[in-house]
Amino acid sequence: MPELAEVKIMSEYINDVCYDRDFTSITLSPEVARRLPLDQPSDLQIFSISSKSRGKELLLGLGKDSTGNPLTISIAMGMSGNWIFCRRDKHPPHSHLHFNTIDGWSLCLVDARRFARWRWASWSSSRGPCPVSEKEEFRSNINSNLHKPFFKKPIHLALMDQTYFNGIGNYLRAEILFKAGQDPFELAGTAILNNPKILELCSTLPYEAYLIGGGQLKDWKNPFQVPSTGFSEWMKCYGKASESIVDRNGRKLWYCKSQLKPLYEGQTP
DNA sequence: CGTCCACGTCTAC
DNA sequence: TAGACCTGGACGG
1 MPELAEVKIM SEYINDVCYD RDFTSITLSP EVARRLPLDQ PSDLQIFSIS SKSRGKELLL
61 GLGKDSTGNP LTISIAMGMS GNWIFCRRDK HPPHSHLHFN TIDGWSLCLV DARRFARWRW
121 ASWSSSRGPC PVSEKEEFRS NINSNLHKPF FKKPIHLALM DQTYFNGIGN YLRAEILFKA
181 GQDPFELAGT AILNNPKILE LCSTLPYEAY LIGGGQLKDW KNPFQVPSTG FSEWMKCYGK
241 ASESIVDRNG RKLWYCKSQL KPLYEGQTP
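Under the numbering used here, the first residue of the first sequence carries the number 1, and numbering increases by one thereafter.
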C-alpha cells in the first residue's frame, strides 16, 4: 500500500507519538518471529524511538549502543503496513512488531498481509535518493546515469524501480505519466530527456499526496486520523483512466491515450 | 460459497 | 519472468 507520501506520514506519526517516551522491549507476533527476528541487543535496556523516511523506506533510530554506534532498524512497509500507538493490552489484529514503553504503551506495526520487512540496518544501498526530501540528489542520480542500459526500458517500468525512483509506486506512476502527458511506452532515457515534467512530477506529486493526507485507498488509513476527503479527487488516472494493461512485472498500468502529447497519438504498445 | 484484486518486494527455476 | 508471500474486501452465483 504505502508509497512515498504514506511512508512520510507514518514517519511523522511515529515521531509524534514516541516523543519523550521511554521504551524497554521489542516483541514480535508468533506469525513473524521465525521469519523476521529482530533480536534486542543485550545492552539496550531503555531506548527512545525516532523516525525518518526516504522514499518508501522507513528508518527507526533507537539511540546508540554501548560503543556509541547508532542503532537503526530499516523497515519496508509492504502493501498493507501501518502504525498505531496503543495500550499494550489492546494491540489490534495483525500487529506483528511492537515497541513497548515502560508505562504500558506500544508502538505497533500493523500489517494484515505481512509483506512488511525489518532488519537492523541503515538506509538500504539498493534504494536511490528520496524524490521529495533529497530532490537534487534524486535528479542528479538519474541525469548522470541516463546513458546506462537501465534507461533503455520503457518509462512505465523504470518508474517502478526503487534504485532510481525510491518511493514511486503504482498509483504515483499512473499520476506522474498522466500529468506529464507522457507515453508510458517510450524508452525511459529519451522520455526523461525530452519531457522535464516527469522528474519534476516525481517530486511534486508525492508531496501533494502527502499534504492531503496520503492515499487512503483501501486498508491504509492515515494514522493521524485526519479526515481525508480530497484524495479520490486528487487521483486523476489510477483506477480511473480509460486504458490499462498488465505490465511485464504483473502490475496494472493505468494510462489515458487522450492525454498523450500529439507526438505519441496513434501509437500502440 | 467462489473468484478476482489490492498503494511491494524477494528468490528461485 | 514467473511464482511466492498473505489477508480481506468487492462482487458474482
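Hints are computed from structural coordinates only; laboratory data are not their basis. A virtual CB, placed ideally from N, CA and C, is assigned to each residue, including glycine. One or more of the hints may lead you astray.
Stated by the list, open to error - With a straight-line Cα cutoff of 25 Å, these simulated BS3-like cross-link-like pairs (lysine-lysine) come out:
no.: 1; residue 1: Lys197; residue 2: Lys148
no.: 2; residue 1: Lys197; residue 2: Lys218
no.: 3; residue 1: Lys153; residue 2: Lys218
no.: 4; residue 1: Lys64; residue 2: Lys90
no.: 5; residue 1: Lys135; residue 2: Lys152
To be verified - Pair ranges (Cβ atoms, derived):
no.: 6; residue 1: Arg88; residue 2: His147; range: 49 to 55 Å
no.: 7; residue 1: Arg248; residue 2: Ser25; range: 23 to 29 Å
no.: 8; residue 1: Arg248; residue 2: Lys90; range: 40 to 46 Å
Here's how the hints hold up against the structure:
For the hint linking Lys197 to Lys148, the alpha-carbon distance of about 21 Å falls within 25 Å, and the restraint holds. The hinted pair formed by Lys197 and Lys218 fails the criterion: a straight-line CA distance of about 29 Å is larger than 25 Å. A distance of roughly 31 Å separates the Cα atoms of Lys153 and Lys218; the hinted pair therefore is violated under the 25 Å criterion. Under the criterion of a C-alpha separation no larger than 25 Å, the hint pairing Lys64 with Lys90 is inconsistent with the structure, at around 29 Å.
A threshold of 25 Å between alpha carbons decides the hint, and for Lys135 with Lys152 the separation of about 23 Å falls inside it, so the pair holds. Between Arg88 and His147, the C-beta spacing of about 54 Å keeps the proposed range 49 to 55 Å intact. Roughly 44 Å separates the CB atoms of Arg248 and Ser25, a value that falls outside the hinted 23 to 29 Å. A C-beta distance of roughly 44 Å is found between Arg248 and Lys90, which places it inside the suggested range of 40 to 46 Å.
This entry does not satisfy hints 2, 3, 4 and 7, going by the numbered hints stated previously.
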